[in-house]
Amino acid sequence: MLGLNNKDLRLFIIVICLTVFAPFILNPFPETSELAQFNAGYPDLMQRFIIFGIFAIGFNILFGLTGYLSFGHAAFLGVGSYAAIWMMKLLTLNVIPAILMSIVFAGLFAVVVGYISLRRSGIYFSILTLAFAQMSYALAYSVLTPITGGETGLQIKATDTPLLSNLAEGEIGRANLFGLDMRSSFELELGNWLFTFNAGYYIAVVFMLIAFYLSIRLFRSPFGMMLRAVKSNQQRMNYTGLNSKPYTLAAFVISGMYAGLAGGLMVAMDTQVGPERMFWTASGEVVLMSILGGAGTLIGPVLGAGMIKYMENIISKINDNILHKWFEFMPDGIEDFLVTIIHPFIGKGWHLTLGLLFMAVIIFLPGGLVELGQRIGRLFRRGGSKDTAAQSTPAE
Amino acid sequence: MGILEVKGVNKRFGGLQALGDVNLSVSENSVHAIIGPNGAGKSTLLNCLVGKLIPDTGSVMFDGQSVLGQTPYQINQMGISRVFQTPEIFGDLSVMENMMIPCLAKRDGSFELNAWPSVNSQKDIIEHAEQVLEDMNMAEKRDMHASSLSRGDKRRLEIGMCLAQEPRLLLLDEPTAGMARADTNNTIDLLKEIKDQRDITIAIIEHDMHVVFSLAERITVLAQGTPLVEDTPDNIKGHPKVREAYLGEAQV
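Protein chains in written order, with this note's numbering: chain A, 4 to 399; chain B, -17 to 234.
Quick caveat, the hints were computed from the structure, so don't treat them as lab data. The C-beta atom is built at its ideal place from N, Cα and C for all residues, glycine as well. A couple of the hints might just be wrong.
Said to hold, decoys possible - Beta-carbon label-pair distances, calculated as ranges:
| hint | chain 1 | residue 1 | chain 2 | residue 2 | range |
| --- | --- | --- | --- | --- | --- |
| 1 | A | PHE383 | B | GLU112 | 26 to 36 Å |
| 2 | B | MET126 | A | THR343 | 48 to 58 Å |
| 3 | B | ALA159 | A | VAL107 | 48 to 58 Å |
The task is simple: from the sequences and hints, build the whole structure.
This is how it looks when you write it as structure tokens:
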């Protein structure tokens, strides 16, 4: 079905279910419980899971398949965002043209950056892409202020009158999809649970599922095989009558377009852009996502993106007061001691937790979270019958 | 007029004259060996043929077309395939995938953005690759990781990958270097089989006299970047100049 083999189809269906039911899955704890702060089922965070998932899927097409480590992918995210917000300011507040333009502009920019950067490989390629991204960041901050809004960035303002949108005098336009406001939500209360279904989230999900489907097809295609050949042995490739340059450039541009899509969706969800979106740490983050999840696998980067965004938003929210509450039942001295020990790992220290986790993954699970899944699957297979083995084997 | 014509090729690296006025003619459907002591310029010559190096002067014609200034992949698409001294294969890919890549290169040319259909739907490619694996006696290894093959099998796979492109000229750069005797004999048998079954010209650079005299129909002896003699194996064996330059060391 859909031109996928059984294993890939199963994976795709799992991803569809997970994303569609995410408002339930990510809100396992009732609102009144202590653990409600671990709930991630609110629109803003769920949108970020999806958007960074797209970013990581695209990055993985370049890094996972060809092995070329781009350290400047945030530049395409930024270009996509600026393109999208200008479409909204000038043409229409409908998100579709904005998102399409973000893909187009990021793709064009990727052609230029890729054409130059791909003259080198290995660390030199990484440095070239990093230089381009930092250059874009610096330009957006300074010289290009008329286009980028400089330090303050760009927002939709009351003075913006898009050609195709009928706005009342002084009304601040809102991003919409043929009239459906991105921010509109439907709330479902079930006992102590509150589930939010957000329009913007589901629109992002549709884009993400299309992006994921296309990436599965690409992975399984002759083109995908050529990209893996690039990673494996370029010498043999060139002496087999294949020109590796257009292959890597195509992979670079495709992954740049994915980044542009992610940038466009960011603007669609939250109509503002700032140059910090292109800062090098943003480029580094997507590298971490891919490696943490499992570079070169289909689902890995999405898992990595989810993991990092979850930690960024949830662990960073925990503070000393919450810790004190958790350890209340212990004697005072021990309580204080434990809080002191854990303190550096929470709140602003979430980077430390992430760093340790990242190190643990690199050392013990070079294949990322996907490898963890495979190992658990193998354990089950050893223990269980043959039937359960087939079930528990994670697809990719 | 041979399929490969090398005329007056010179190549200089700084003060070193690596190749000095090399003339070479390889006739179609023959096996031509190029031998010579270390540093004779064999590898430099080969690199000039495949586009890795560009000679300072002279011409290299393949089937009436100049290969000078062409990149390796263009020369390959003209019909010259190269086997490396240490097998160059796609180690991260399976044996079958290794074989499918040259089949795709043969069908689709040097670049094709073929990202929609799945590999498994390319029936013609699969058939072609399986046929070559069969010919190479590697069919039962099709799902193995190429990097886990033995040295001899890697060589066999690499030769198979070259043959999958149905080249008109196959260049072999010391195909048995560092091999055990048994593997060497297997490779000789394989090359003999290829020669008998296909319309293919083989040019072979080799150190091992056993390999050279079992296969070659013509031999060119290089010494210090210049061809010394070119003749049949029987005449080469007894040639005094050759003995002096080369065979004297090896006592054949």
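Hints versus structure:
The hinted range of 26 to 36 Å is satisfied by PHE383 of chain A and GLU112 of chain B, whose Cβ atoms lie roughly 35 Å apart. In this structure the supplied range 48 to 58 Å holds for MET126 of chain B paired with THR343 of chain A, their Cβ-Cβ distance being about 55 Å. Between ALA159 of chain B and VAL107 of chain A the C-beta distance comes to about 52 Å, which sits within the given range of 48 to 58 Å.
Comparing the model with each numbered hint stated earlier shows that all of them hold.
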